[in-house]
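Q: One-letter residues, chain by chain:
There are 2 protein chains.
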Amino acid sequence: MTLKIALIQTNSLVGNITTNFNLIVETVTAVRNRSDIDLIVFPELMLVGYPPEDLLLRRDFILTANNALFELANIAPDVGIVVGFPEFDGKNLYNSAAVLSEGCISAVYRKQKLPNYGVFDEVRYFTAGEKPCVFEFKGQFIGLSICEDVWHSDIVQATKDAGAEILLTLNASPFHVGKAQQREALICSHAKTAQLPIVYVNAVGGQDELVFDGASFVTNAEGKIVFRAEEFVEQISIVEFENGQPLKQIPQPPSKRGLSFAPPFQKGGWEGFALIYKALVRGTSDYVRKNGFKGAILGLSGGIDSALVLAIAVDALGAKNVEAVSLPSKYTLEMSNDDAKIQAEIMGVKYHSIPIEPAVKAFTGMLAATFENTPADTTEENIQARCRGVVLMAMSNKQGKLLLTTGNKSEMSVGYATLYGDMCGGFAPIKDVPKLLVYELARYRNSLSQVIPERVLTRAPSAELSPNQQDSDSLPSYEILDPILARYIEENQSADEIVAAGFSPEDVKRVISLVDRSEYKRRQSAVGIRISERAFGRDRRYPITSGYRGI
Amino acid sequence: MTLKIALIQTNSLVGNITTNFNLIVETVTAVRNRSDIDLIVFPELMLVGYPPEDLLLRRDFILTANNALFELANIAPDVGIVVGFPEFDGKNLYNSAAVLSEGCISAVYRKQKLPNYGVFDEVRYFTAGEKPCVFEFKGQFIGLSICEDVWHSDIVQATKDAGAEILLTLNASPFHVGKAQQREALICSHAKTAQLPIVYVNAVGGQDELVFDGASFVTNAEGKIVFRAEEFVEQISIVEFENGQPLKQIPQPPSKRGLSFAPPFQKGGWEGFALIYKALVRGTSDYVRKNGFKGAILGLSGGIDSALVLAIAVDALGAKNVEAVSLPSKYTLEMSNDDAKIQAEIMGVKYHSIPIEPAVKAFTGMLAATFENTPADTTEENIQARCRGVVLMAMSNKQGKLLLTTGNKSEMSVGYATLYGDMCGGFAPIKDVPKLLVYELARYRNSLSQVIPERVLTRAPSAELSPNQQDSDSLPSYEILDPILARYIEENQSADEIVAAGFSPEDVKRVISLVDRSEYKRRQSAVGIRISERAFGRDRRYPITSGYRGI
Chain G
64 MTLKIALIQT
74 NSLVGNITTN
84 FNLIVETVTA
94 VRNRSDIDLI
104 VFPELMLVGY
114 PPEDLLLRRD
124 FILTANNALF
134 ELANIAPDVG
144 IVVGFPEFDG
154 KNLYNSAAVL
164 SEGCISAVYR
174 KQKLPNYGVF
184 DEVRYFTAGE
194 KPCVFEFKGQ
204 FIGLSICEDV
214 WHSDIVQATK
224 DAGAEILLTL
234 NASPFHVGKA
244 QQREALICSH
254 AKTAQLPIVY
264 VNAVGGQDEL
274 VFDGASFVTN
284 AEGKIVFRAE
294 EFVEQISIVE
304 FENGQPLKQI
314 PQPPSKRGLS
324 FAPPFQKGGW
334 EGFALIYKAL
344 VRGTSDYVRK
354 NGFKGAILGL
364 SGGIDSALVL
374 AIAVDALGAK
384 NVEAVSLPSK
394 YTLEMSNDDA
404 KIQAEIMGVK
414 YHSIPIEPAV
424 KAFTGMLAAT
434 FENTPADTTE
444 ENIQARCRGV
454 VLMAMSNKQG
464 KLLLTTGNKS
474 EMSVGYATLY
484 GDMCGGFAPI
494 KDVPKLLVYE
504 LARYRNSLSQ
514 VIPERVLTRA
524 PSAELSPNQQ
534 DSDSLPSYEI
544 LDPILARYIE
554 ENQSADEIVA
564 AGFSPEDVKR
574 VISLVDRSEY
584 KRRQSAVGIR
594 ISERAFGRDR
604 RYPITSGYRG
614 I
Chain U
64 MTLKIALIQT
74 NSLVGNITTN
84 FNLIVETVTA
94 VRNRSDIDLI
104 VFPELMLVGY
114 PPEDLLLRRD
124 FILTANNALF
134 ELANIAPDVG
144 IVVGFPEFDG
154 KNLYNSAAVL
164 SEGCISAVYR
174 KQKLPNYGVF
184 DEVRYFTAGE
194 KPCVFEFKGQ
204 FIGLSICEDV
214 WHSDIVQATK
224 DAGAEILLTL
234 NASPFHVGKA
244 QQREALICSH
254 AKTAQLPIVY
264 VNAVGGQDEL
274 VFDGASFVTN
284 AEGKIVFRAE
294 EFVEQISIVE
304 FENGQPLKQI
314 PQPPSKRGLS
324 FAPPFQKGGW
334 EGFALIYKAL
344 VRGTSDYVRK
354 NGFKGAILGL
364 SGGIDSALVL
374 AIAVDALGAK
384 NVEAVSLPSK
394 YTLEMSNDDA
404 KIQAEIMGVK
414 YHSIPIEPAV
424 KAFTGMLAAT
434 FENTPADTTE
444 ENIQARCRGV
454 VLMAMSNKQG
464 KLLLTTGNKS
474 EMSVGYATLY
484 GDMCGGFAPI
494 KDVPKLLVYE
504 LARYRNSLSQ
514 VIPERVLTRA
524 PSAELSPNQQ
534 DSDSLPSYEI
544 LDPILARYIE
554 ENQSADEIVA
564 AGFSPEDVKR
574 VISLVDRSEY
584 KRRQSAVGIR
594 ISERAFGRDR
604 RYPITSGYRG
614 I
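Chains G and U are the protein sequences, given in the same order. When we follow our numbering, the leftmost residue of the first sequence carries the number 64, and every step to the right adds one. When we follow our numbering, the leftmost residue of the second sequence carries the number 64, and every step to the right adds one.
Think of the hints as simulated: they come from the structure by calculation, not from any bench. Model, not experiment: these values are computed from the prediction. Check the hints yourself; a few may be wrong.
Since the list gives no way to pick out one identical chain from another, each pair is judged satisfied if it fits inside one copy or across any two copies.
[Said to hold, decoys possible] The calculated lysine to aspartate or glutamate pairs, modelled on DMTMM-like cross-linking and capped at a C-alpha distance of 25 Å, are:
{"no.": "1", "residue 1": "K154", "residue 2": "D101"}
{"no.": "2", "residue 1": "K242", "residue 2": "E420"}
{"no.": "3", "residue 1": "K357", "residue 2": "E582"}
{"no.": "4", "residue 1": "K255", "residue 2": "E553"}
{"no.": "5", "residue 1": "K176", "residue 2": "D152"}
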């Protein structure tokens with residue numbers, strides 16, 4: 064007895080049921096045209112995209128989704144389609160998966176484990192299902208589960224006990240560093256324990272701060288992975304089962320919507336950085352495309368952050384859709400201007416240089432009376448950063464191009480950024496990338512082809528807002544800062560614990576105090592791509608008004 | 064048998080356990096010095112403030128709170144203290160209330176109903192309790208409940224069935240228009256059904272976008288309110304029970320931390336507006352005070368929004384702590400400058416006038432080459448708004464004064480505001496106030512004393528960013544806009560439903576489309592005070608990247 068299952072690793076558009084409906088129809092048609100197939104499996108909440116957030120509270124939205132599901136039942140009655148949708152039973156809403164076959168909805172499974180931690184808020188919307196769902200299809204008994212469910216061995220076992228011979232799991236499981244390994248290890252172990260093959264279908268693509276990595280896979284009953292799809296690429300994969308065991312992967316039809324990077328990615332030692340870089344490219348490209356921008360612009364300072372963001376933007380959007388703007392002040396070193404220009408030329412993007420002195424002078428004059436007899440402080444530095452923001456936003460507004468903001472996670476953490484200045488922008492590609500990792504990613508990208516001038520990688524980092532300024536004037540070195548931040552923010556360690564790990568009490572105190580005081584800036588910052596287990600945004604929800612002092 | 068219960072309607076500081084601990088100690092001391100008292104009841108999560116958000120995920124924070132609770136048990140062993148705290152049992156976290164008496168923790172109740180909708184995320188942090196808690200105290204059986212619990216009649220009944228003669232409920236119940244009436248009606252009906260007197264103690268004060276209204280009350284077993292505390296004021300109230308029935312209110316000691324407004328509030332017809340106005344004043348004053356600012360500044364345009372915000376700021380902080388800045392451009396009418404100046408003089412605040420032309424000209428020159436041969440559009444309007452933002456932020460930075468941003472809910476809804484321009488600022492007092500209500504509140508405030516020039520109330524609203532511009536050039540009149548917005552945003556109605564209610568399909572389409580497209584602006588906006596059932600912020604969580612089109 065054989066069964067051919069298509070894993071549809073696809074990129075839905077949150078909120079647009081028509082687009083997603085059409086994507087399902089096109090995909091089903093494409094799969095059937097290329098291969099005889101039995102079951103076609105889409106990701107979690109495919110019909111509405113993930114996460115739809117408070118759109119789920121709209122009656123019109125839910126009714127449209129339910130109507131679309133009924134229509135879908137008729138598009139290919141001779142195959143089985145498994146698709147995620149929000150199910151309303153007249154009283155409660157469920158995160159459900161429907162099996163469509165022979166023109167009907169032949170089975171519905173309701174997600175039992177609703178994640179409500181980290182970036183997830185599913186209890187806000189959904190009621191938990193209470194039982195497994197196993198359906199018979201062409202002589203095989205197939206169980207269903209949705210994302211979080213399959214992280215729990217009891218759910219896997221209960222589905223097996225209910226008679227499942229194969230478990231399909233529909234997912235919208237967002238990326239963070241190490242997630243795929245964690246996911247595969249756990250799910251393989253559950254497959255092995257229950258002696259149940261698992262077909263894991265994940266979404267792919269960027270949605271605001273989340274990026275789904277795909278990396279769908281199939282395990283056999285021994286918990287061994289027999290097939291794994293690519294990361295960050297839309298992909299249709301077909302796996303054949305014989306008597307309930309996955310046989311081998313059938314060569315997959317080429318993806319219609321695959322990403323292609325200009326440079327091919329090197330395998331091997333760089334694999335970890337490659338994966339993060341792919342996540343950033345995918346997240347940036349989807350944000351720009353899904354929000355209908357005509358391209359992107361960014362301020363290119365000659366520093367490492369904007370250099371990396373330019374590389375990401377070009378790899379995501381193509382050189383012709385990216386503009387770089389240098390905005391020198393009297394504190395900008397000549398080498399910064401040179402390096403910005405060199406990179407723009409290497410990458411083939413349109414390049415502007417607009418000195419900000421006229422605006423800075425105008426503001427200085429306008430504020431002269433008010434600021435009389437006050438010493439210069441960060442106010443004057445912020446004015447420069449804000450003049451740059453005004454110019455960049457004007458260029459963004461005039462052309463309908465998205466302004467990318469280039470701040471990294473270390474800066475976001477300690478508030479080393481000017482609100483309405485360098486923080487201007489609609490999207491922050493490296494917001495969750497700590498400074499030391501920025502350097503690694505830049506080196507990784509240069510290993511594919513040299514796009515960032517070497518001097519940008521080696522010179523001391525500076526905001527260039529006052530004479531001879533260096534980051535290390537106001538902050539500990541990044542070799543000290545980044546590990547403290549990781550412990551305080553991502554691992555929720557206390558000051559005592561961080562000091563016990565070998566950092567000086569002075570550094571720990573200084574860093575934690577900066578983090579605690581900067582929440583107001585982060586709250587008004589652009590969304591950016593989450594790559595860590597605790598990104599700023601949905602993931603770390605701190606009060607602005609807070610008497611908490613980590614030290 | 065008599066029992067004297069003190070209701071402590073108090074304003075804790077989220078995250079600062081030391082401050083809250085000291086406030087509890089001071090309050091207990093003050094109450095005992097002034098009256099013989101049996102039980103002293105504080106609000107929900109008093110020890111850590113509400114809502115502490117992700118601070119609850121920090122082990123150091125929870126341990127500090129638990130240690131503080133043990134210390135509290137010893138401060139007044141001869142009275143009973145009931146206080147809300149986060150309880151960690153080594154595995155799970157609970158939203159709990161402890162009874163402290165005779166030097167011990169003599170009872171602990173765990174909240175059973177955890178709200179996870181609207182502004183609430185309690186399932187993210189807490190495990191639900193599973194049973195009522197009734198303790199004996201001086202011969203009376205007293206039940207405990209926490210906030211959401213008492214909105215459920217089954218919890219009230221179960222506590223009665225467990226033997227309670229009086230039910231104490233600890234709350235951090237945030238204000239919105241109509242909330243107090245809704246709360247009292249429901250809880251009184253539950254008291255009546257269960258024949259159980261309820262002592263309702265609510266928090267008071269502002270915390271980011273939330274403002275707690277206090278309005279604590281006591282019902283008898285017939286569900287009649289026998290005592291009600293004031294709104295938006297810290298207050299200690301004492302109610303005496305005899306044989307389980309509330310007798311009468313004992314005159315309360317004067318509040319140490321009460322707000323006092325310069326003008327006394329008129330009772331009567333204006334009551335609804337008065338309450339909202341108090342909420343805005345309280346929210347603003349607490350944000351400034353709790354975040355340690357030296358005062359506030361704002362741009363005063365001569366329009367109604369900034370006029371109302373100036374009045375709120377002065378009533379919240381006192382005239383000497385507020386500065387108003389007029390930032391005229393060549394499109395600013397003379398009457399706008401005049402009216403701004405007149406109001407600043409009436410209210411006695413420091414006033415500056417800084418024309419923005421020099422900066423606008425500088426940017427125009429800097430962008431001339433780039434913008435050659437492009438027609439003027441909103442880009443040039445935005446540059447003006449952003450020049451104002453740069454000046455105001457410079458003044459804010461230099462003096463350590465909070466910049467208040469003056470946008471109203473109608474603008475926030477349709478995106479009629481410039482990101483990094485007039486949206487600059489750390490706090491948005493009227494962010495949740497629709498334009499028509501802005502006028503009502505201004506008239507209400509003028510009824511106390513005329514502070515806003517009459518012409519500001521009567522002239523047509525204009526952003527003054529282009530010649531003879533009026534809001535009605537780009538938007539439907541507010542008489543049409545505001546009701547459509549209320550239906551779409553607060554009531555989640557569909558376009559069809561709104562049209563069916565009598566609005567033109569063109570207006571509905573235009574408005575909804577503006578709302579849908581403006582999420583990116585709102586995401587970078589300042590927090591502001593929630594007064595409606597669905598404010599922008601924690602309350603309405605929409606994706607930025609969204610294919611949903613309400614029409």
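Q: With reference to the structure, classify each hint as holding or not holding.
A: Structure-based check of each hint:
1. K154 <-> D101: neither (34 Å within a copy, 46 Å between copies)
2. K242 <-> E420: neither (47 Å within a copy, 53 Å between copies)
3. K357 <-> E582: For K357 and E582, only the inter-copy Cα distance (19 Å) is at most 25 Å; the intra-copy one is 32 Å.
4. K255 <-> E553: neither (31 Å within a copy, 49 Å between copies)
5. K176 <-> D152: both (18 Å within a copy, 23 Å between copies)
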